[in-house]
Structures are given as structure tokens and as C-alpha cells.
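*Asks:* Construct the entire structure; sequences and hints are all you get.
Chains A and B, in that order, are what the protein sequence lines are. Whatever position you read off the first sequence (first residue = 1), add 12 for this note's numbering. Whatever position you read off the second sequence (first residue = 1), add 1 for this note's numbering.
I should point out that these hints are in silico values taken from the structure, not numbers from a laboratory. Even for Gly, the Cβ is constructed at its ideal location relative to N, Cα and C. Be careful, since some hints might not be right.
[Unchecked claim] No more than 27 Å apart at the CA atoms, straight line, and that leaves these computed lysine-lysine pairs for DSS-like: (1) 32(A) to 216(B); (2) 45(A) to 142(A); (3) 45(A) to 101(B); (4) 4(B) to 74(A); (5) 175(A) to 196(B); (6) 162(B) to 216(B); (7) 71(A) to 32(A); (8) 29(B) to 175(A); (9) 71(A) to 105(B); (10) 227(B) to 216(B); (11) 227(B) to 162(B); (12) 12(B) to 45(A); (13) 29(B) to 84(A); (14) 107(B) to 84(A); (15) 201(A) to 142(A); (16) 29(B) to 71(A); (17) 201(A) to 189(A); (18) 74(A) to 29(B).
[Unchecked claim] Here are a few chain A residues that face chain B, going by a calculated C-beta distance under 10 Å: (19) 27; (20) 33; (21) 57; (22) 60; (23) 62; (24) 75; (25) 76; (26) 142; (27) 146; (28) 174.
[As the list claims (entries may be wrong)] Selected chain B positions facing chain A (in silico; Cβ < 7 Å): (29) 2; (30) 3; (31) 5; (32) 9; (33) 20; (34) 23; (35) 28; (36) 31; (37) 34; (38) 100; (39) 105; (40) 107.
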Amino acid sequence: MVCDQNTTDQQIVQLSLIDKNNYSCLIERYEAKLLRYIKRFSGLSEDNAQDVLQNTFIKAYKNLNDFDQGLKFSSWIYSIAHNETISYIRSQKSHGANLGDFDQEALENIASELKLESTAETGLLKEKVKKVLANLNENYREILILSFIEQKDYSEISDILAKPMGTVASQISRAKKQFLEQAENMGIKF
Amino acid sequence: MSKLSQDILNKIDQENIAPTPRWIFLLKSWVLWLAYILATLLGSIAFGISIFVLTNNEWDIHRYAPEGFLEYFILSIPYIWLLGFGIFAFVAYYNFRHTKQGYKTKTSILIISNIFLSIILGSVIYASGFGRTLDQTFQRQMPMYRRMINVRYRVWVRPEKGILAGEVTSIKSDNEFSINDFRDKSWTVIGENMKNTGCSALQVGVKVRIIGHPKEPGVFIATEIKPCACGADMPGGRCNMPIPPPPGMPIPPPHF
Numbered sequence: 013m014v015c016d017q018n019t020t021d022q023q024i025v026q027l028s029l030i031d032k033n034n035y036s037c038l039i040e041r042y043e044a045k046l047l048r049y050i051k052r053f054s055g056l057s058e059d060n061a062q063d064v065l066q067n068t069f070i071k072a073y074k075n076l077n078d079f080d081q082g083l084k085f086s087s088w089i090y091s092i093a094h095n096e097t098i099s100y101i102r103s104q105k106s107h108g109a110n111l112g113d114f115d116q117e118a119l120e121n122i123a124s125e126l127k128l129e130s131t132a133e134t135g136l137l138k139e140k141v142k143k144v145l146a147n148l149n150e151n152y153r154e155i156l157i158l159s160f161i162e163q164k165d166y167s168e169i170s171d172i173l174a175k176p177m178g179t180v181a182s183q184i185s186r187a188k189k190q191f192l193e194q195a196e197n198m199g200i201k202f
Numbered sequence: 002m003s004k005l006s007q008d009i010l011n012k013i014d015q016e017n018i019a020p021t022p023r024w025i026f027l028l029k030s031w032v033l034w035l036a037y038i039l040a041t042l043l044g045s046i047a048f049g050i051s052i053f054v055l056t057n058n059e060w061d062i063h064r065y066a067p068e069g070f071l072e073y074f075i076l077s078i079p080y081i082w083l084l085g086f087g088i089f090a091f092v093a094y095y096n097f098r099h100t101k102q103g104y105k106t107k108t109s110i111l112i113i114s115n116i117f118l119s120i121i122l123g124s125v126i127y128a129s130g131f132g133r134t135l136d137q138t139f140q141r142q143m144p145m146y147r148r149m150i151n152v153r154y155r156v157w158v159r160p161e162k163g164i165l166a167g168e169v170t171s172i173k174s175d176n177e178f179s180i181n182d183f184r185d186k187s188w189t190v191i192g193e194n195m196k197n198t199g200c201s202a203l204q205v206g207v208k209v210r211i212i213g214h215p216k217e218p219g220v221f222i223a224t225e226i227k228p229c230a231c232g233a234d235m236p237g238g239r240c241n242m243p244i245p246p247p248p249g250m251p252i253p254p255p256h257f
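*Replies:* In C-alpha cells form, the structure reads like this:
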């Protein structure tokens with residue numbers, strides 16, 4: 013069975029080139045993750061994020077032959093989603109303020125990485141984090157989301173954003189600082 | 002099958018979307034690498050010619066430049082070639098950056114390594130004599146290059162500063178002759194206590210450099226006359242008639 017969990021993404025890519033119906037396995041593996049990522053990164057509405065997601069999968073399908081087997085498929089499809097989201101935001105000349113939801117684990121992760129020692133209840137902390145993220149520079153917001161919410165490692169982020177690993181590391185460090193400064197400017201205390 | 006995958010497969014069917022053939026991506030990749038190699042090579046050539054122009058600049062003549070060594074040095078810098086070197090280094094960087102794995106290298110490392118590579122290749126090009134060949138070919142084939150790029154024009158065709166160079170077109174007497182300077186302007190040269198450094202006798206067709214001052218439009222008073230460096234890359238190429246040294250003087254080594 014093509015969609016079997018034991019079948020790797022790379023194998024499904026090859027099988028999709030033979031029969032396009034196999035591509036549905038990749039779509040199903042990544043649609044939820046990518047939709048969350050697009051919404052978190054862009055703050056787009058559900059409908060707009062769905063449009064971006066569809067464009068992402070269509071573009072990936074057209075470029076299946078360009079997929080580098082040395083890369084993780086997830087990094088490759090995230091990088092396409094990243095570019096499609098940026099294009100969409102630029103074409104609309106604005107982005108939304110709804111960053112979508114993130115789960116408890118993601119919240120704990122970002123709170124721990126940013127040393128947010130909040131006594132507030134989870135729901136309130138989540139809202140505060142989302143509020144600060146929504147007001148953060150696009151580049152910083154994205155790198156924080158990839159690193160602490162999507163929990164991608166430096167190498168994957170480097171592949172997704174097409175930036176050297178050293179740059180990724182320094183941007184994460186700057187983004188953390190920016191996050192705390194932005195929270196202070198907004199009068200948000202953790 | 003999820004609704005999204007069904008929608009996407011339907012769209013693929015309806016719009017006859019197919020994966021772009023692999024050879025197109027390979028071609029794109031090769032073009033980028035080829036452009037990178039070409040840009041690096043052209044940058045190296047520009048650097049090689051720059052070394053040649055700088056090392057063959059007859060640095061000893063700066064004493065004739067009225068402004069002193071610093072301005073002579075600034076005048077002598079082959080800006081166009083160095084600019085070309087910079088542009089090609091940037092094009093090489095741009096192409097490398099757009100190759101598949103190009104983003105993984107840090108910008109600073111990429112720029113420094115490309116410049117370093119161009120300097121090494123440029124030095125090889127200079128050492129092999131190819132820089133000289135190209136410079137001389139450009140001088141012969143491209144009047145614009147002769148007039149605008151060759152630093153010797155900037156240094157030696159400055160009558161207002163008391164230095165002039167050109168080809169002897171006629172000789173009236175030992176102390177009066179005509180030249181066409183390297184910008185194709187005619188001058189009558191009149192010697193006043195003229196010191197002849199390295200020229201036994203003037204001959205029509207010989208390229209000379211003259212120290213003195215302009216007297217009136219088209220007339221230059223010469224206090225010293227020197228042959229152009231035979232074998233060197235004076236505008237127009239080698240001296241078409243080497244000037245023998247005065248009797249008793251040692252034969253100068255060839256100037257390369």
C-alpha cells in the first residue's frame with residue numbers, strides 16, 4: 013500500500029511521478045501540518061490559508077522532479093509553503109492577525125525557550141504569546157514559529173528558509189530578543 | 002482520501018498539470034554553474050590584466066608626473082578592469098547563491114572565497130602572459146580602450162601638465178618635429194635645451210614621450226625626450242622601431 017506508514021516520502025515522490033494518484037498520500041501526510049504553519053506564520057483566515065495550501069501542493073507537484081533526494085521532503089514542502097505564503101501576503105499587501113492555534117506542547121516549548129515565567133493560566137499565556145508574535149517582524153515571527161512551535165532543527169530551518177545555518181542561529185537569537193522587547197513595548201508581562 | 006487531496010487531483014486533471022521534466026531542472030542547474038564558472042573566469046581575466054597593467058606601469062616615470070607619486074598612482078589604477086573584476090565576482094556570487102545548495106554557504110565566505118579564487122586564477126593568467134596578450138589585443142583592436150582605459154594615456158597625454166607622448170610624423174630639424182599624440186592630436190614640438198634620454202636620433206614613425214610645457218595651441222616646448230619603452234605595452238603595441246641608445250650607453254634591458 014503506497015500510503016502505508018512504512019513508505020517514505022521519497023518513495024512516494026517517485027511513485028507520484030509514475031501515478032499522480034499516489035500524490036494524495038503526500039497531501040494527506042502534510043496538509044494539517046502545513047495548514048497550521050501557514051496560519052501561524054501569516055495569520056491568514058482559514059479560507060485564504062486553504063488557498064495557499066492548495067497552491068503549495070500544486071507547485072510541489074509541478075516541481076516533483078526538482079526534489080533533491082538528499083533533503084527531507086518535509087523541509088522541501090515547507091520551503092514551498094513558505095514561499096507561497098510570502099507571495100500571497102505580498103499580493104494581498106497585508107496579512108491577518110489571527111495566528112491560528114498552537115497546542116500545549118508548542119506553548120510550553122516557546123515559553124521555556126523564551127524564559128517566560130508566567131503565572132498566568134495556559135489560555136492567557138497563549139493569547140499573550142500570540143499577540144506578541146502577531147506584532148513581530150515577519151522574519152522574526154517565522155523563525156520563532158519554525159524553531160519553537162513547529163520544532164524544526166537548524167538544518168531543516170536552513171533548508172526551508174534557504175539561509176545558511178549560521179544565519180539561522182543568529183536570527184533565532186535576535187528573534188528571541190525582539191520578542192521580549194516587543195512584549196515590553198506592548199506592556200505585556202509574562 | 003481527504004477533500005483537499007481530491008480537490009488537488011481534480012485540479013491536476015482539469016488543468017492537465019504535469020511535473021516539469023527533470024531535464025529542465027538539470028539544464029537550469031547547469032546554466033547556473035556555467036554562468037558561475039564563466040563569471041569567475043572573466044573576473045580572473047580582469048584581475049590578471051589589472052596585475053599586468055599595474056606591474057608594467059613604468060613606476061620609475063612617476064617623477065615626471067607633476068602631481069607626485071600619489072596622484073600618479075591613482076591615475077595608474079586600471080579602474081575599468083578592477084570594476085569588471087568586481088562585477089564578475091558579484092555575478093559569480095549571484096549564480097552560486099541560486100544553485101541548489103548555494104544558500105548553505107555564508108555570504109561572507111562565498112564572496113571571500115570567490116575573490117580569492119579569482120585572484121589565484123588571475124595570477125596564473127598574468128604569469129602565463131595571457132593578461133599581456135589580452136591587453137595588447139584590446140589596444141590594437143579597440144580605439145576606445147586605447148583612449149579611455151589605457152592608463153598611459155591618462156599619464157602621458159597631459160600637455161597642460163607638461164607631459165606628452167605620441168608618434169613622430171615629420172622632422173624639420175634636430176630641434177623641431179611634429180607628432181600625433183595618442184589622442185590623435187597634432188603637435189609641433191620645439192626643443193629648448195632638449196635632453197635626449199635614450200634616443201640617438203629621431204625618426205618618423207617612432208613613438209616618443211616628451212617632457213616640457215605647451216606654448217600655444219598645437220605647439221609644445223620640449224626639455225626632455227624619451228623613447229617609448231620598446232617591447233612594452235605603449236599604446237599601439239610595441240615600438241615599431243626600437244630606438245638604439247646613444248653611443249657609449251649600455252643597452253637597456255627589454256621592458257616587459
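*Asks:* Against each hint, give a clear statement of whether it holds in the structure.
*Replies:* Comparing the hints with the structure gives:
1. 32(A) to 216(B): violated (87 Å)
2. 45(A) to 142(A): holds (18 Å)
3. 45(A) to 101(B): holds (25 Å)
4. 4(B) to 74(A): The hint holds at about 20 Å.
5. 175(A) to 196(B): violated (66 Å)
6. 162(B) to 216(B): Holds: residue 162(B) and residue 216(B) sit about 12 Å apart, inside 27 Å.
7. 71(A) to 32(A): Judged against 27 Å, a Cα distance of about 14 Å means the pair holds.
8. 29(B) to 175(A): holds (20 Å)
9. 71(A) to 105(B): holds (23 Å)
10. 227(B) to 216(B): holds (20 Å)
11. 227(B) to 162(B): Holds, at about 17 Å.
12. 12(B) to 45(A): Satisfied, since the Cα-Cα distance of roughly 22 Å is no more than 27 Å.
13. 29(B) to 84(A): It holds: about 22 Å lies between the C-alpha atoms, which stays within 27 Å.
14. 107(B) to 84(A): Since the Cα atoms of residue 107(B) and residue 84(A) sit roughly 21 Å apart, the hinted pair holds (cutoff 27 Å).
15. 201(A) to 142(A): holds (13 Å)
16. 29(B) to 71(A): holds (17 Å)
17. 201(A) to 189(A): Given pair residue 201(A), residue 189(A) holds - Cα atoms ~15 Å apart, limit 27 Å.
18. 74(A) to 29(B): holds (15 Å)
19. 27: violated (12 Å)
20. 33: Because about 7 Å separates residue 33(A) from the closest Cβ in chain B, which is inside the 10 Å limit, the hint holds.
21. 57: Interface hint status for residue 57(A): violated (16 Å vs cutoff 10 Å).
22. 60: At about 15 Å, which exceeds the 10 Å cut-off, the nearest Cβ of chain B leaves the hint on residue 60(A) violated.
23. 62: holds (8 Å)
24. 75: Cβ of residue 75(A) sits 6 Å from chain B, so the hint holds.
25. 76: holds (4 Å)
26. 142: Check failed: Cβ of residue 142(A) comes no nearer than 25 Å to chain B, outside 10 Å.
27. 146: It is violated, given that the least Cβ distance between residue 146(A) and chain B is near 26 Å, above 10 Å.
28. 174: holds (4 Å)
29. 2: holds (5 Å)
30. 3: holds (5 Å)
31. 5: Nearest chain A Cβ about 5 Å off; hint holds.
32. 9: Holds: closest Cβ of chain A sits about 5 Å from residue 9(B), inside 7 Å.
33. 20: holds (4 Å)
34. 23: Given a least distance of 4 Å, the restraint on residue 23(B) holds.
35. 28: violated (12 Å)
36. 31: At about 14 Å, which exceeds the 7 Å cut-off, the nearest Cβ of chain A leaves the hint on residue 31(B) violated.
37. 34: violated (15 Å)
38. 100: Not OK, violated: residue 100(B) not within 7 Å of chain A, min 11 Å.
39. 105: holds (6 Å)
40. 107: holds (5 Å)
Going through the hint list in order, the structure does not satisfy hints 1, 5, 19, 21, 22, 26, 27, 35, 36, 37, 38.
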